[in-house]
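> Going line by line, the protein sequences match chains A and B.
Counting with full-length UniProt numbering, you get residues 1 to 161 for the letters of the first sequence.
Counting with full-length UniProt numbering, you get residues 1 to 265 for the letters of the second sequence.
Simulated from the structure, these hints should not be mistaken for laboratory data.
Among the hints, erroneous ones may be present.
[Unchecked claim] Keeping only pairs whose Cα atoms sit at most 25 Å apart, straight-line, the calculated BS3-like set for lysine-lysine is:
#1 K144(B) x K192(B)
#2 K119(A) x K87(B)
#3 K119(A) x K82(B)
#4 K58(B) x K119(A)
Each chain, written out:
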Amino acid sequence: MQISFTLNGRPTTVDVEPATHVAELLREQLNLTGTHIGCDTSQCGACVVHLDGLPVKSCTLLAPALDGATLLTVEGLQGAPGSNRMHPMQEAFREHHGLQCGFCTPGMLMTAVALATEKPALTEADVRHGLEGNICRCTGYQNIVVSVLAGAAAMNAAKGE
Amino acid sequence: MKPFAYHQPNQVPDAAKLLTSIEDSKLVAGGMTLIPTLKQRLASPVALVDLSKLPNLKGITDDGATISIGAMTPHAVVAASKLVQAKIPGLAALASMIGDPAVRSRGTIGGSVANNDPAADYPAGVLGLGATIVTSAREIAADKFFLGLFETALEPGEIITAIRFPVPLKAGYAKFKAPASRYALVGVFAAKFADGVRVAVTGAGSGVFRVPPMEAALSQHFDPSAVAAIKIDTDGLTSDIHAEADYRAHLVTVMAKRAVDAALS
Numbered sequence: 001m002q003i004s005f006t007l008n009g010r011p012t013t014v015d016v017e018p019a020t021h022v023a024e025l026l027r028e029q030l031n032l033t034g035t036h037i038g039c040d041t042s043q044c045g046a047c048v049v050h051l052d053g054l055p056v057k058s059c060t061l062l063a064p065a066l067d068g069a070t071l072l073t074v075e076g077l078q079g080a081p082g083s084n085r086m087h088p089m090q091e092a093f094r095e096h097h098g099l100q101c102g103f104c105t106p107g108m109l110m111t112a113v114a115l116a117t118e119k120p121a122l123t124e125a126d127v128r129h130g131l132e133g134n135i136c137r138c139t140g141y142q143n144i145v146v147s148v149l150a151g152a153a154a155m156n157a158a159k160g161e
Numbered sequence: 001m002k003p004f005a006y007h008q009p010n011q012v013p014d015a016a017k018l019l020t021s022i023e024d025s026k027l028v029a030g031g032m033t034l035i036p037t038l039k040q041r042l043a044s045p046v047a048l049v050d051l052s053k054l055p056n057l058k059g060i061t062d063d064g065a066t067i068s069i070g071a072m073t074p075h076a077v078v079a080a081s082k083l084v085q086a087k088i089p090g091l092a093a094l095a096s097m098i099g100d101p102a103v104r105s106r107g108t109i110g111g112s113v114a115n116n117d118p119a120a121d122y123p124a125g126v127l128g129l130g131a132t133i134v135t136s137a138r139e140i141a142a143d144k145f146f147l148g149l150f151e152t153a154l155e156p157g158e159i160i161t162a163i164r165f166p167v168p169l170k171a172g173y174a175k176f177k178a179p180a181s182r183y184a185l186v187g188v189f190a191a192k193f194a195d196g197v198r199v200a201v202t203g204a205g206s207g208v209f210r211v212p213p214m215e216a217a218l219s220q221h222f223d224p225s226a227v228a229a230i231k232i233d234t235d236g237l238t239s240d241i242h243a244e245a246d247y248r249a250h251l252v253t254v255m256a257k258r259a260v261d262a263a264l265s
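In isolation and in its complexed conformation, chain B is listed as follows (with noise of 0.2 Å):
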């Protein structure tokens, strides 16, 4: 690692400031993206600002229709919440996947959501369920906040605070994944609310995206046979040393499958 500068803001508009003030800084949460990155010196940054001093960003709260999971809470928190196992036991599913333990207990949502990755789990999850990413200035829909590979709709100097996540009837997560990483090869989120479906797919293209055909044909009939017979359009899925494009997108229709089986266990 390249030397850095390293502050420890105790409130979130001192974290903003930094960033924005000092050219070249990043923020840190977890740092189980960041710190590797910066070992292989992908980044060098001048400065890091952490956030793991600032109040009120970590913990579950239970808001009736929504819970709300703060920023700097770590997956094994989630993957463990009696809350979230109740309320949206997929997305606890989710975040007992990702990665192994260590990563687990370091790893924290408003990271992975912030720097989008496209084989990070919650992505899925979060655009499945059709989430609101509350950050220091506003809140962002989670169907306007990725933008494909690492890119969202951050703007400079703005950071996530809390993800709302509005409680479905239903929802399953499932992922097939690369053995060596334990990041999604294909993973896929259903939820089922009163209005519809939603269906979000992480791992098989540049960024998560959604299946308007899986979603219209689940919300006629929330079962796995309802999307046995939907293959996906193999453009613009990732081909790599992994796994090729129609293989990746052979896996979205099998791991949709698998997913409604999740949900309506």
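Chain A on its own, in the form it takes in the complex (with noise of 0.2 Å):
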């Protein structure tokens, strides 16, 4: 079937089999594989893309659902207009060291960017409770809960400008 939709701002349309997933169409099909798949039954979190504006596991997504919605991946994400930057959570991730193997970090970002949008002012303990879909087995999670604070915070403050 055809399935036309927004991804990362652009207007798209792809065929595509119902029973594909979404991380798989994006990886395989659009050759985005900023998107990981780490355990493919919506357990660990890799897969989190934005589906207008929401958190999504994509492995648990089925290609059909995109069908004139809006989609943000990893690659979507991007700092101010111009500044060449990457976006404030991903500045914040690399500063804080919210990553050791990486393999997480694109759902973790999604997840956080989402957390953050969500609620301006967070907690740790909102951010433990709003990271409990997505699995990391490197770093013990600790500075990542510091990288998604210290990248809300920075997303709040360039809205503030």
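Both chains are sitting in their own frames, so use the hints and assemble them into the complex.
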């Protein structure tokens, strides 16, 4: 079937088998390999993307659900226009060493950006609860939580400018 | 996933017709259970009937003594709803505890109730509040809806359109999560109405059930202490890798106390 949607700001039309999940479509057909497939069972969160602004696990989303929707993947995160910088949440992960092997990072970033957008004044408890669906096997989460709090603060500051 | 045809009907009767006319077809709402099931090939339907384009299935309405939640309303919307938070805060709290944020973005109340997973959260809220399940064909009382392990009173081709909840005086939910899946190892919903208290338990057995001795005790005195000494029988409770039946029985009492405590706070 043919589906049309907005992908990272660009109108996109693809032919896809209905029995395709979105992570597979992104990686295999659209060559956007930033979205990772960790468990492929909806547990680990490495595949989180934003569907119409909400965080979803793209391994547990059928491609036909994209028709008419707006999709943002980690490749669509960006800093202030013209700044040639990364998104403030990405900068915070780099600054605070919020990753080791990096496999879970795309999902962590997408969940973190959604969290910070939904609730501007995040507490550490909010972040820990909000990251419940994202698993990291390296860091022990401590630096991820620090990064998310810093990234959220930077996103807020950027909004105020 | 094995290949399947995909239908996106625009009207409820069309969806019902597709479901009955195509053998081995399945409804898909949020897909939070169905898609993992398809990927594990525990199910391989020839066609999916997607409910997302049907009108009037999303949203929450205030009907005075009741509130109605459209079947396709995601958990995150129920959790964040000012109306649900004001009228049945225990139900908003329950929705906020399901899965994780990504699951709550997609998973729907209708899907959860129709699936009737023995460890799902919503069945406890629906039975605990004595809600009414509104379908494309009729209205079904919660007490007659949940028939055990993944079984409901839904007929083939019957589609849930909304759940109507009576507004209680007080209600609360507490669950002990299985840490990996975040499903309820045991979850208890307690609701106080003018004419008595209802207590519903999920996670402990093959399906959601009520606990009459706790209901009687709480109807006399709506306080955690009223249920502290009530133990439930381990007969029929689940024993698995996560917990033995006697541990689940113990948790029912503990979660019932916490649910009442949550209702009072």
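> If a hint holds in the structure, say so; if it doesn't, say that too.
Comparing the hints with the structure gives:
1. K144(B) x K192(B): Between K144(B) and K192(B) the Cα gap is close to 20 Å, so the pair holds against 25 Å.
2. K119(A) x K87(B): Distance of about 23 Å is within 25 Å: holds.
3. K119(A) x K82(B): This hinted pair holds, its Cα atoms lying about 15 Å apart.
4. K58(B) x K119(A): 23 Å, holds
Going down the numbered hints, you'll see the structure goes against none, and every one checks out.
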